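**Student:** Sequence:
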Amino acid sequence: SLVTIVVEGGKDTIRNMYFDLKHKVPIVIIKGSGRVADFISRWLLSAKDFNDNSDEDKVVYEIDELYTRSATIEVSENRAQTRSKTRTDIHAELYADSSLKKLHQLFKNYKENLDKELKNVLSGDNESHKKKREKSKSKKDDFNEKLPSLLDQVMYCLQPGLRSLITVFDLNSETDLSETIFETICKSFDNLPQNIQEMKAKQTLLDLAIDWNCIDTAKEFIFQNSLKHIPKPDNIFINALKKNSPLFVDEFLKLGFDPADIFFPKNKFTDEEKRYNIFFEKLYAHDLVMRDETHLKHFIESNISTHEKSINDVKSLNKVLWNLIGDYMYKLYFDTEKAEYNDRIKWGLMKSSIKSEETKNKNIKTNKSISNESEKAKAHKYIMRDLFLWAILMNYVDMAKVFLCYLKYRICPALIATKILKQYYL
Numbered sequence: 119s120l121v122t123i124v125v126e127g128g129k130d131t132i133r134n135m136y137f138d139l140k141h142k143v144p145i146v147i148i149k150g151s152g153r154v155a156d157f158i159s160r161w162l163l164s165a166k167d168f169n170d171n172s173d174e175d176k177v178v179y180e181i182d183e184l185y186t187r188s189a190t191i192e193v194s195e196n197r198a199q200t201r202s203k204t205r206t207d208i209h210a211e212l213y214a215d216s217s218l219k220k221l222h223q224l225f226k227n228y229k230e231n232l233d234k235e236l237k238n239v240l241s242g243d244n245e246s247h248k249k250k251r252e253k254s255k256s257k258k259d260d261f262n263e264k265l266p267s268l269l270d271q272v273m274y275c276l277q278p279g280l281r282s283l284i285t286v287f288d289l290n291s292e293t294d295l296s297e298t299i300f301e302t303i304c305k306s307f308d309n310l311p312q313n314i315q316e317m318k319a320k321q322t323l324l325d326l327a328i329d330w331n332c333i334d335t336a337k338e339f340i341f342q343n344s345l346k347h348i349p350k351p352d353n354i355f356i357n358a359l360k361k362n363s364p365l366f367v368d369e370f371l372k373l374g375f376d377p378a379d380i381f382f383p384k385n386k387f388t389d390e391e392k393r394y395n396i397f398f399e400k401l402y403a404h405d406l407v408m409r410d411e412t413h414l415k416h417f418i419e420s421n422i423s424t425h426e427k428s429i430n431d432v433k434s435l436n437k438v439l440w441n442l443i444g445d446y447m448y449k450l451y452f453d454t455e456k457a458e459y460n461d462r463i464k465w466g467l468m469k470s471s472i473k474s475e476e477t478k479n480k481n482i483k484t485n486k487s488i489s490n491e492s493e494k495a496k497a498h499k500y501i502m503r504d505l506f507l508w509a510i511l512m513n514y515v516d517m518a519k520v521f522l523c524y525l526k527y528r529i530c531p532a533l534i535a536t537k538i539l540k541q542y543y544l
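Just add 118 to wherever you are in the sequence shown, counting from 1, and you've got our numbering.
None of these hints come from the bench; they were simulated from the model. In this text, all values refer to a predicted model and were calculated from it rather than measured experimentally. Do not rely on the hints blindly, as some may be mistaken.
To be verified - Straight-line C-alpha distance at most 25 angstroms; calculated PhoX-like pairs for lysine-lysine:
{"no.": "1", "residue 1": "Lys427", "residue 2": "Lys360"}
{"no.": "2", "residue 1": "Lys360", "residue 2": "Lys384"}
{"no.": "3", "residue 1": "Lys494", "residue 2": "Lys372"}
{"no.": "4", "residue 1": "Lys226", "residue 2": "Lys176"}
{"no.": "5", "residue 1": "Lys337", "residue 2": "Lys519"}
Said to hold, decoys possible - Beta-carbon label-pair distances, calculated as ranges:
{"no.": "6", "residue 1": "Glu399", "residue 2": "Ser420", "range": "27 to 37 angstroms"}
{"no.": "7", "residue 1": "Leu265", "residue 2": "Phe137", "range": "39 to 49 angstroms"}
{"no.": "8", "residue 1": "Gly466", "residue 2": "Lys392", "range": "39 to 49 angstroms"}
{"no.": "9", "residue 1": "Asp130", "residue 2": "Gln541", "range": "26 to 36 angstroms"}
{"no.": "10", "residue 1": "Ser344", "residue 2": "Cys523", "range": "38 to 48 angstroms"}
{"no.": "11", "residue 1": "Lys372", "residue 2": "Gly152", "range": "37 to 47 angstroms"}
A virtual CB, placed ideally from N, CA and C, is assigned to each residue, including glycine.
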């Protein structure tokens, strides 16, 4: 398991905590949930005076590890052999005291109170438990026999060397539980050898962070202010879009991620082909369009032959926008740059379009690199517009606000968004 969460609990909970910590599985204890959870939380705070010893913090003692005492004595005359006039032989011996375990020595100031409180927590103080114990003497004897073993397991869990694997979450705090759990999982991955915690593990963590919306912990442990730490950033970004995670999308954009690299790869934006194929495949899939959370499906016209509603090409998307905004809405989506150019001519935008084309051709002749940068900037501008409209159509308002911040001109997109959302809720 990735992490163990302790809520209330009894004898089995202590055993599970013990075995999980032996295998370096991190634990989140829910303080305020009662019984064992509260018992461990209290003692993590109470038994802390040995934390000042930095050596103890690094050592993990096993339950049966014995305490050793060393004694140094001079070798007796009948055993000594003179090798030098100035040399004195010393004989050192180690004594293993079977009555003292290292954990018992570590908790010697707390053992009596630990034992007493553990007994109360596990046996219970209410009358019903007392009556049951009176009826069954054998069960009582069995409980008393198991108590020393449980006490050893408790001391094992409380020792300083394992404190880094334990996180206490207070139910009365304002901290988010999912954020706490995710942070604990991240720390457990940090404790793994470098060859284990590679990109696949990070991708799993990022998917989990998106599901739980744990952006702060993800920024600290995974992003670390750079996209180079992100495995398969294209897939993660699309996942964040589909799952409506605006904070993750915003973090990608802040770190310089360009969505055009996903949807218009290898100059696909200017090539003479259907440039929006990837866009429709990834973001207008049937399951996304037909979700109950969006009202988009009510504005999609059924296919004449299949009688199915779908958005799978520029024609169907333009039709949806026309239905939502009105017949005064110009087409926004075109398969090719040439088709877009011809449409501009059709609507009397020929002058500005020709000027733009001449400028582009001039740039190509004078400096090809400038033209490439211009096309890249244009692709970026278009995809940010397209993602903004997609977020509005999906009813992801917070996501749309993120993309709106990255648009150069915002009044017109905001008006279009207002019109669409009004249509949704008429």
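**Student:** So, for every hint listed, does it hold in this structure?
**Tutor:** Evaluation of the provided hints:
{"no.": "1", "hint": "Lys427 / Lys360", "result": "holds (19 angstroms)"}
{"no.": "2", "hint": "Lys360 / Lys384", "result": "holds (24 angstroms)"}
{"no.": "3", "hint": "Lys494 / Lys372", "result": "holds (18 angstroms)"}
{"no.": "4", "hint": "Lys226 / Lys176", "result": "holds (19 angstroms)"}
{"no.": "5", "hint": "Lys337 / Lys519", "result": "holds (21 angstroms)"}
{"no.": "6", "hint": "Glu399 / Ser420: 27 to 37 angstroms", "result": "violated (21 angstroms)"}
{"no.": "7", "hint": "Leu265 / Phe137: 39 to 49 angstroms", "result": "violated (18 angstroms)"}
{"no.": "8", "hint": "Gly466 / Lys392: 39 to 49 angstroms", "result": "violated (26 angstroms)"}
{"no.": "9", "hint": "Asp130 / Gln541: 26 to 36 angstroms", "result": "violated (56 angstroms)"}
{"no.": "10", "hint": "Ser344 / Cys523: 38 to 48 angstroms", "result": "violated (21 angstroms)"}
{"no.": "11", "hint": "Lys372 / Gly152: 37 to 47 angstroms", "result": "holds (43 angstroms)"}
The structure fails to meet hints 6, 7, 8, 9, 10 from the earlier list, while all remaining hints are met.
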